[in-house]
Amino acid sequence: MKVNVYVTLKPGVLDPQGKAIHHALEGLGFGGVADVRAGRFIELDVADGTSDADLDAMCAKLLANTVIENYRIERP
Amino acid sequence: MKTAVIVFPGSNCDRDMAVALETVTGRAPAMVWHRETDLPDGIDFIALPGGFSYGDYLRSGAMAARSPILRAVSDAAGRGVPVLGVCNGFQVLTEAQLLPGALMRNAGLNFVCRSVPLTVENSQSLFTASYNAGEQIDIPVAHHDGNYFADSETLDRIEGEGRVAFRYADAVNGSARDIAGVLNDAGNVLGMMPHPERAIDRAHGGTDGLRLFEAALGVLA
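Listed in order, the protein sequences are those of chains A and B. Take the first sequence: its letters are residues -11 to 64, numbered as in this note's numbering. Take the second sequence: its letters are residues 2 to 222, numbered as in this note's numbering.
In short, the hints are calculated from the structure, not lab data. Here a beta-carbon is modelled for each residue, glycine too, at the ideal position from N, C-alpha and C. Accuracy of the hints is not assured; some may be wrong.
[Claimed, not checked] Sample of chain B residues facing chain A (criterion: CB under 10 Å; computed from the structure):
#1 R106
#2 N148
#3 V220
[To be verified] Restraint-style ranges between C-beta atoms, simulated for each label pair:
#4 A:L2 with B:D76: 22 to 28 Å
#5 A:A45 with B:G109: 50 to 56 Å
#6 B:R28 with A:R63: 50 to 56 Å
Next comes chain A alone, as it looks inside the complex (with noise of 0.2 Å):
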């Protein structure tokens, strides 16, 4: 079963390489974007019946620093 997380950087937490995105799309002339902000998308393959206990803590343990960051997991 493949399963997907998608760690992002919490509200009101400074993202300097979203910035740099950001920055570099208008320098391709890319106007009317209001901002950018950089996560990261996991892909797993798990066993079928994975708890969603299971997939929340190795978000929380692992996947994420839950300091800094949120986690969305996106199940088939």
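Using the hints provided, position chain B relative to the given structure of chain A.
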């Protein structure tokens, strides 16, 4: 005085740290590989060195913080054994939740590699007792992810408890409140981005780092 340096794949300041510890104690430290599950018996001091453990995969320090030896380091810290994490070692200690906060990409996005002035904020800790509060010292930094972050409540708490050991005298990497080094609540774990082991010999351009090891290793004259 028995000391240990934890070595992760990708550590690159482990030998500099070993030289610093041997210089001060007269005895070579145990070099402990990350897969070990136990520290040598009777260890008095543990250092987590700088480098790029596990290639900084996932986040700086994230994989190292989950390696087998960290359980033993965490247990030792809980018993009051002094633990010093420098640079990547600081990142590992925050990822292992032995210290509050997190270290993010430098605000200027550049790798910063130069000697920087630090202000000693707390001169009462076992690591900083050889300095005077408010004293300015010069210690080199070399990092890409040294931008210290914690929520304002946490920052207020650690400031109020005197747990900010060092502050950058000038902005270096965007760190919240220019924090360069943080102590745990018991005061026996210190994480800092600057490299004291790179300032222990006049040939390094300065010896301000030596005093940290002298204080922490209890060999003050």
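Structure-based check of each hint:
1. With a cut of 10 Å, the hint placing R106 of chain B at the interface with chain A holds, because the nearest CB-to-CB distance is about 5 Å.
2. Interface hint at N148 of chain B: satisfied, since its Cβ lies 8 Å from the closest Cβ of chain A, which is below the 10 Å cut-off.
3. The restraint placing V220 of chain B at the interface with chain A is violated, with a minimum CB-CB distance near 36 Å, outside the 10 Å limit.
4. Restraint check, L2 of chain A to D76 of chain B: a C-beta distance of roughly 35 Å breaks the suggested window 22 to 28 Å.
5. About 36 Å separates the C-beta atoms of A45 of chain A and G109 of chain B, a value inconsistent with the hinted range of 50 to 56 Å.
6. Separated by about 55 Å at the C-beta atoms, R28 of chain B and R63 of chain A satisfy the suggested range of 50 to 56 Å.
Violated hints, listed in ascending order, are 3, 4, 5; each of the other numbered hints is respected by the structure.
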